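A.B. asks: Those protein sequences? They're chains A and L, same order as listed. Counting from 39, one number per residue, gives the positions in the first sequence under this note's numbering. Counting from -5, one number per residue, gives the positions in the second sequence under this note's numbering.
Hints were generated in silico from the structure; no laboratory data involved. Among the hints, erroneous ones may be present.
For each label pair, taking beta carbons as the anchor points, the in silico distance ranges come out as [unchecked claim]: (1) L/THR189 <-> A/THR331: 44 to 50 Å; (2) L/HIS209 <-> A/GLU145: 17 to 23 Å; (3) L/SER175 <-> A/GLU217: 32 to 38 Å; (4) L/ALA164 <-> A/THR331: 50 to 56 Å; (5) L/SER175 <-> A/PRO116: 53 to 59 Å.
Residues on chain L that point at chain A, a partial pick, calculated with CB under 8 Å [as the list claims (entries may be wrong)]: (6) LYS31; (7) GLY34; (8) TYR103; (9) ARG138; (10) ALA162; (11) ALA164; (12) ARG185.
Because the structure is a prediction, the values reported are computed rather than measured. Positions of the beta carbon are idealized from the N, C-alpha and C atoms, including for glycine.
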Amino acid sequence: MSGSLRRDPRRVADAGPSGLRRIVVRKRDAVSEETADKPQRTSETPRQWHMAVAHSDRGSLDDHARQAIAAAAILAGPDTGVLAVVLGELNGSLIEAGADLVAVLPEFDRNSFQPEHELAAVLTLIESYAPKHIFLPDSASGDGDLGRRLGAQVGSTAATHVVELDADHVSIAWSSGGERARAPLPQVILLAAGAVDLDIPFTGAGRRLVVADLPAIPTVKQHYRDLGLEETQTAAIALEEADFIVSGGYGVRNVATLEALAQTLGAAVGASRVAVDEGKFPRDKQIGATGKTVTASAYIAVGISGAVQHLQGIKDCRHVIAINHDAGAPIAKRADLTIIGDAEDVMQALIARMEQARAQREIPGAS
Amino acid sequence: MSERLSVAVLISAGQHPVSRAPRACRGDAVAMALGRKLAGDSLRVVHAGDPKSPALNDYHALGASRIEVVAVPDGQDAIGPLAAKLLKADVILTGSRAEQGEGSGLLPYLLAHALRRPVIADVLGVWIEKGEAQVRQFQPKGRRRRVAAPVPLVLSVHPLASCELTYAYARLKSGRIELASVVAQPRQAIRPHWTLEPASQRPVPLKARDTKDGHARMLGYIQSQAKGGAVVFEGSSVDKAQILLTYLRDHRLVEL
Ligand SMILES: Cc1cc2nc3c(=O)[nH]c(=O)nc-3n(C[C@H](O)[C@H](O)[C@H](O)COP(=O)(O)OP(=O)(O)OC[C@H]3O[C@@H](n4cnc5c(N)ncnc54)[C@H](O)[C@@H]3O)c2cc1C
Ligand SMILES: Nc1ncnc2c1ncn2[C@@H]1O[C@H](COP(=O)(O)O)[C@@H](O)[C@H]1O
């Protein structure tokens, strides 16, 4: 048995989504374990390139952006390198994402509107690397716009809202989804979210280009004036659009505390079905299979067990944090951070800590 | 001010997604309403395609008393003829994507490129002052941005732009179609060659070929099943709050 551990099938079991018993293998050190045994996709010196372009958000790339890089890598032959162009700052590497070469252009930011500069920068890189295909996430936060500008500019074929692709074709929804249409792989490919499986069995070389390596980007005349983002009233934002959600379940006794926490964090308020059924929250706050589907960057689940029906509604949330007094609650498996403790106590402490930190404008003790 | 500006809106033949009944494309109707706010009755309403398309009636009923149609045979590129037709328009409004066919949302970009004009997408509202258009732009996560650009320009309107759409049968009856002559144009953009395929199955996500052996694959499945992040048991509520806050700050989810 190739040296692997023998496990007692009766050891730890858990109810899976369909009610079947499922053996739970405790995660040891998943991250390092996964990357350690993944081989590099190719060791050849690239003779041609695939390019992926995306804006970063707060120093990292979201799943949709990583799908563009994964597509570039999966469809690349051994002699083809993957160049990831990141508009905005980037912390960490894109080795695991599958990029062989990474060009970070920190002068850009998805929060500012400077399409002509961005286009000039990307076109310069296209000129130096002559990528066979260029992949972008077809997202509403800048990449979809940039990709269409690029498509119009390079004057070659472009496909948008691509829902399916492989080495030979891309497919899109035709006539609002009534039918589907396919075409040979065009040069510019804008991917719908979910068109690529992020689970790749290889890594990229991940070398980061330093400024000296980058071609000089010409300055272009800007026609647009960015007048900035409007102040938004977080409480007024529809839950589906909110970027930060604090959500309460059966374990929340005091709704006022949860609302106060949401207020200090600038978050919208959501709820589980049980909490809604109890009358603690209005029906339109319900998140899950029979409620709303949310896409927040941060989702704090307070006193929510994490039933599958609830998890369905938060599958696209980037960072999930749970506050629960039961470490065995299924939410702990979904959450990136689980705080074990009484909901009320932790919420109160967090509010106090936030206010204190705001008063001092710093967080002592933070790493 | 805006009276002296020439404003045009581009409308496409829409289709109900389920019944396939021809109708006004919802997003284009919103763009048309925004154009009426800007230019009143002087708004030009332009369509490229079949002048007999039943979808055009809907636009009459929604307020377009006159529709200029550039007759472009099905499957032929509309960018060239539209650009020629719209040379004099200061503000060109479009919807964000067509309901029939490809619906790529590329048209406003291709048109702007052909006319060498700026283009702003996801427009919720527009004000024109001293030769400059100020635009309120939709952004995800409840955010809105203000952007300005000089006239002439192309604006693609977001379907959430607030506007009033009123349907009147009398207008449907009195509406006129005006056939415009087409200047033969070289093809401007190369578009992919689409062929229809049955959409019976859900799209298959692109997946890397798995080189792992069966045992490793099985481990992979159960491990991802047990995926989970850090779990914090120890410490007082204050310590735990600090850990949570540190997490939020490290990922730049809160600003202090
Ligand atoms: C067809 C169908 C559709 C459904 N649709 C939805 C849906 O859309 N959305 C949805 O949310 N649910 C839905 N449900 C219900 C779902 O199955 C769960 O019952 C529900 O999500 C549980 O809500 P909860 O987590 O708040 O409550 P519980 O499951 O009761 O969990 C409460 C959690 O709070 C913790 N807790 C208790 N007291 C404290 C405390 N003092 N401090 C800290 N933690 C504490 C407990 O440990 C527990 O983990 C649906 C169910 C069905 C059958
Ligand atoms: N044949 C057409 N005639 C006029 N306008 C069109 C036509 N096709 C598309 N448009 C406009 O361009 C927008 C985007 O279309 P598309 O790029 O085809 O998804 C639509 O919302 C319309 O405003």
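A.B. asks: Hint by hint, note whether the structure agrees.
C.D. replies: To see whether the hints hold, each was checked on the structure:
Taking 44 to 50 Å as the suggested C-beta distance range, the pair L/THR189 and A/THR331 does not conform, at roughly 33 Å. In this structure, L/HIS209 and A/GLU145 break the distance hint of 17 to 23 Å, their C-beta atoms being roughly 48 Å apart. Between L/SER175 and A/GLU217 the C-beta distance comes to about 33 Å, which sits within the given range of 32 to 38 Å. Evaluation of the 50 to 56 Å hint for L/ALA164 and A/THR331 yields a failure: the beta carbon distance comes to about 42 Å.
Between L/SER175 and A/PRO116 the C-beta distance comes to about 55 Å, which sits within the given range of 53 to 59 Å. Because the closest C-beta pair between L/LYS31 and chain A is about 20 Å apart, greater than 8 Å, the hint is violated. Because the closest C-beta pair between L/GLY34 and chain A is about 26 Å apart, greater than 8 Å, the hint is violated. With its C-beta approaching chain A no nearer than about 4 Å, L/TYR103 sits inside the 8 Å limit, and its interface hint holds.
Hint status for L/ARG138: holds, given a least beta-carbon distance of 4 Å to chain A, under 8 Å. Because the beta carbon of L/ALA162 sits about 26 Å from the nearest beta carbon in chain A, more than 8 Å, this interface hint is broken. Because the beta carbon of L/ALA164 sits about 30 Å from the nearest beta carbon in chain A, more than 8 Å, this interface hint is broken. The restraint placing L/ARG185 at the interface with chain A holds, with a minimum CB-CB distance near 6 Å, inside the 8 Å limit.
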